[in-house]
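Peer 1: So you can see what is in the structure, the chains are spelled out below.
Protein chains: 4
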Amino acid sequence: MNVAIIGASGYTGLELVKILITHSKFNISYIANSTGNINVQDLHPSLQGLIDMPVEIANAKEVAKVAKLAFLALPHKTSMSFAKELLDLGVKVVDLSADYRLELENYEKHYCPHEDKENISSAVYGLPEYYKNQLKDANLVANPGCYPTASLLALLPFVDYIDENSPIFIDAKSGVTGAGKKLNEITQFAHINENTHAYNPFKHRHMPEIQEKVKLLKDKDFSVNFVPHLIPVTRGMLVSVYASLKEEVDVEAILEKSYKNSEFVRVRNSAVDIKSTAGTNFCDIFVARNGKALFINSSIDNLLRGASSQAVVNANIMCGFEEDEGIPKIAYAP
Amino acid sequence: MNVAIIGASGYTGLELVKILITHSKFNISYIANSTGNINVQDLHPSLQGLIDMPVEIANAKEVAKVAKLAFLALPHKTSMSFAKELLDLGVKVVDLSADYRLELENYEKHYCPHEDKENISSAVYGLPEYYKNQLKDANLVANPGCYPTASLLALLPFVDYIDENSPIFIDAKSGVTGAGKKLNEITQFAHINENTHAYNPFKHRHMPEIQEKVKLLKDKDFSVNFVPHLIPVTRGMLVSVYASLKEEVDVEAILEKSYKNSEFVRVRNSAVDIKSTAGTNFCDIFVARNGKALFINSSIDNLLRGASSQAVVNANIMCGFEEDEGIPKIAYAP
Amino acid sequence: MNVAIIGASGYTGLELVKILITHSKFNISYIANSTGNINVQDLHPSLQGLIDMPVEIANAKEVAKVAKLAFLALPHKTSMSFAKELLDLGVKVVDLSADYRLELENYEKHYCPHEDKENISSAVYGLPEYYKNQLKDANLVANPGCYPTASLLALLPFVDYIDENSPIFIDAKSGVTGAGKKLNEITQFAHINENTHAYNPFKHRHMPEIQEKVKLLKDKDFSVNFVPHLIPVTRGMLVSVYASLKEEVDVEAILEKSYKNSEFVRVRNSAVDIKSTAGTNFCDIFVARNGKALFINSSIDNLLRGASSQAVVNANIMCGFEEDEGIPKIAYAP
Amino acid sequence: MNVAIIGASGYTGLELVKILITHSKFNISYIANSTGNINVQDLHPSLQGLIDMPVEIANAKEVAKVAKLAFLALPHKTSMSFAKELLDLGVKVVDLSADYRLELENYEKHYCPHEDKENISSAVYGLPEYYKNQLKDANLVANPGCYPTASLLALLPFVDYIDENSPIFIDAKSGVTGAGKKLNEITQFAHINENTHAYNPFKHRHMPEIQEKVKLLKDKDFSVNFVPHLIPVTRGMLVSVYASLKEEVDVEAILEKSYKNSEFVRVRNSAVDIKSTAGTNFCDIFVARNGKALFINSSIDNLLRGASSQAVVNANIMCGFEEDEGIPKIAYAP
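Chains as they are written, first to last, in UniProt numbering: chain A, 1 to 334; chain B, 1 to 334; chain C, 1 to 334; chain D, 1 to 334.
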């Protein structure tokens, strides 16, 4: 099946190209970025010898001529107007931006006025472990944010056991590719190497995304308090969730049971690290308890499970292919 | 005043040598490690051209002949037996190990039987901001652990305002020198670069140290739940304390007031980073609030404020010198 | 075809497992290390969910029962005695150690007495670009060292043009996995992060390997002067060759022509970096000239092209499979 | 003596502030950058608690009112026009840019037309080991580039012994702060971490600077071929010089003799590393020989010995102070 990649210049766009080059069912028929006029292997020199294709300036009608599904790796706002055009032309969309992740009111509170009110309510949230059935029939998938992916996969199994009167704290650590490719003082080597710090504590936009999904899936209103940190690694994300249990339950058993049939969630028996999931679509999770104090610990690759490989899993499900078709499971990092 | 450094091979021993080389009141008259028989500049080649002195095998009587105060950078258990000898000979001791940090019962619960029951109860806990008066007359100072230093300086100003029924969570991130110089799989570059993970979650020995000091200083029994993480930086430590407030108080004002006269605590108006304190004795602290959810964020150099420079501050106070004599405040890191 | 991996604990052993898990022609039927008694996914936790197989203590007869070809990732000396046993039992061998790389006399000069004089002379040097025909019929392949792989691929196209009266200098930079997994002071994070240094200048054992192959392939006796450096990266190798040309030739054209049919050598038009080849079997090469001064610059992944993936390419050729079957070409590093 | 720092925003400007804060003879009376209107501790938050002073927009007349000497950490071209103004007003100048480093013709060939032809010929090249006498009477000092500092200190002792018919190759590795603070794709963490590569091979502007000084000091015309590399470290520089000797001389003795009276050059007996000089003004040098093949290996901190601390050493000599007054010799890096 022919597919398009819109927004090929950034980190997640490059990862989409790499995954789809070796995918046996999807064939890249169209690549676009904001400038066009370059071959994709000049845009990303590491692709030399692997793919030879022009990069276009995105045009929805051209996409509709050559592709049945499009991956959008665009800035929010830009994404919703282009998605709307594609959907009207009958192209399925997996959107990697934030534009369709939240309910309308919540989106407009935390981002900006929405420009595609028609489609936002039918978008399916692309967290496969919790939305697989809806994904099968979806024409529009909102690919989750990296922090919400790792946080929700850790938190959701325990929501029923957590004391609603105590706050939940999520201390998350992200590699610098999470901040995007745009030049930025905090992603300069001299700033972040041998360094680490929180940013936007209690104010990051992924906080309402986590809170909303817990509410929708579990009907619980928690105080979710989210503090992201930047750490000196290129890719990878580690999430530490802290909460109070209502009573001293068997947390290992709860976790084990929740994911026993999930190919891409691995339950670990010791603290997880980011190197074991980097380069793959796996989410590794570990849980520990001290009396009623709960620690849930998850790890993902922010660019793959937190973006591009999860997008391809979602596309696989939308198109009736095997969920793991073309999905990276092995990384060449020791 | 002549001083001795016992345990010069490790990271903290080297930092002690460097600080004391340029100290105008203390003069290094004796250096020891477990093997002796080497010049200190061969033991640490970066000292070439700065100091020229033999390294001995530690002997308490020899120390007593040439030094009035000794810094012990020894493994726990080794430290208490040597400290006892020195104290009996009239040598003042700043002990960087864990041996005198806890009350006897607590120590024996978390470490091992204590071999110097005579002196443990008179040891002063060397956190200068909270124990300055006792330090002035001390003959034996227990230098705090690195995690407790950063955690207590963050937590103590807020203890009276925190809800005792909710757990306190401390998510701490440490550079790999915190694990010591002994060869170790987790401190290998190939393991920890581009990686991060928790270790000993809820089980680290610094957890009872923090809890005990909160109890002693503030008479509060909290559930303090401590999760340390290893991050790919050489030195530096970032601590994130999460707690529930009893009510929505002005946390910035509380913090500002607590440390307005403290030379080595800097109150920050945005999230702290470890690079700003690395190479110095400063502890930087920032606080934020989301309703009753509290985030306190502190940063220190684990080898300096978390060990060697705090030890020299303590020695300065014990000997009636200026608190900041010889203490590093400027680091040559951009 | 069933294959065995002998020496699965180290870095190159793990990479062999990962490559062969997804290889469509080779099937791992036997894995060994020095201790046995463990499942391979406990030996390497990142393999959880990917392979489930016991690790044995290596026994040549057992190997011969279940495998037709064995990859040996063993220390030198250990390797030659085990290889001999396997060859006698009719098992083909790809040896990743140094044991069969040199001519007998040269080996004994730089390593130790050789214990398999029978087979050393028939071993084929596994640099596919220069030994493809011999590899097709080989029963025993000596997989080249990482430094010689990157150095020879850079140097060989230019040997005929270099002034034999001037020394050739090779300044090589290797990631720390090149030093192996054994605990080591120089591979500790605190030593090598924010650091770099040469080691064994003019004395590394890969120097005679490079010199011998230049002599054998081109019949030229150069003074090859090799200085390896350790750099703070996990994997990857950059080689800078400096030499004097006999005359001012068109070096780009020479390079282009040499590798125009080589799938795994990419000629670059600007200085190469290690990130573009990390995680793949590619060798990227760039050349520049200043008058008669020559700079040839190559990059490989030291664990893949410098060891495990080159080993599998060699095995593919030995067994008549496509050269690139199962060989990694895409890495998930931005 | 009151001094001014012009250009306080960049890396070298910050290092100048830090050095001069603790200098007992120089007192910072004026700080400028291109925008002004900020306190220096807001410009560089790590200075909180250490200095409290407004940053001005540079004005030569204002400088002349309050300072007798100015350090210029400005871009080339900007620097020469400002230096000229200061010199006319009787202010001594230590210029950290390239503007006065070369002879006029050489400068105009490699940079741009010169705007201060009056002063360029009287500027003294600030490499103290080779220009100390001239520095004593200088009003204008051209502080050397970082690469030329490390390269010349390594190369100069051996110039008389090197074969003039063979090219000299200099393979240099620099930390990313060498590229300056301006946002730049190659200094982004995601680009350079776990990476390394050459840049401007044979074309860097420091190549003519090295060649000219060898010519001026030793009257030798060598082919100096310079290839700089970027390595994933924040600060520090390692230089490897490769050359052919005329005959097999005792290179260790030559090196030892050259620097036996130099406080800031340390001759090492094994390969140097950058961590031992980082944070200090030291240059460490090691030499090895293989027949006539020569390897000279030096290490400096690119921001200190390669810029700011060397500038203060030069100022100390110009003003008749002790050469090492205020100069960092101890770094808090393990």
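Hint data in this document are derived by calculation from the structure and do not stem from the laboratory.
There may be inaccurate statements among the hints.
As the list claims (entries may be wrong) - Below 27 Å or equal to it, Euclidean Cα-Cα: the simulated DSSO-like pairs (lysine-lysine) are:
{"id": "1", "chain 1": "D", "residue 1": "182", "chain 2": "D", "residue 2": "218"}
{"id": "2", "chain 1": "D", "residue 1": "182", "chain 2": "C", "residue 2": "109"}
{"id": "3", "chain 1": "A", "residue 1": "215", "chain 2": "A", "residue 2": "246"}
{"id": "4", "chain 1": "B", "residue 1": "25", "chain 2": "D", "residue 2": "25"}
{"id": "5", "chain 1": "D", "residue 1": "25", "chain 2": "C", "residue 2": "292"}
{"id": "6", "chain 1": "D", "residue 1": "84", "chain 2": "D", "residue 2": "182"}
{"id": "7", "chain 1": "A", "residue 1": "25", "chain 2": "C", "residue 2": "329"}
Peer 1: All hints are to be evaluated individually against the structure, with a verdict given for each.
Peer 2: Now the hints, each set against the structure:
With a C-alpha separation of about 37 Å, the suggested pairing of residue 182 of chain D with residue 218 of chain D is violated against the 27 Å cut-off. The suggested pairing of residue 182 of chain D with residue 109 of chain C is violated, with an alpha-carbon distance near 52 Å, which exceeds 27 Å. The suggested pairing of residue 215 of chain A with residue 246 of chain A holds, with an alpha-carbon distance near 18 Å, which does not exceed 27 Å. Pair hint residue 25 of chain B plus residue 25 of chain D holds up; C-alpha atoms about 22 Å apart against a cutoff of 27 Å.
A hinted pair counts as satisfied when its Cα atoms are at most 27 Å apart, and residue 25 of chain D with residue 292 of chain C does not qualify at roughly 51 Å. Distance hint between residue 84 of chain D and residue 182 of chain D is fulfilled; the C-alpha atoms sit about 26 Å from each other, no more than 27 Å. Distance hint between residue 25 of chain A and residue 329 of chain C is fulfilled; the C-alpha atoms sit about 19 Å from each other, no more than 27 Å.
The structure does not agree with the numbered hints 1, 2 and 5 stated previously, though it agrees with the rest.
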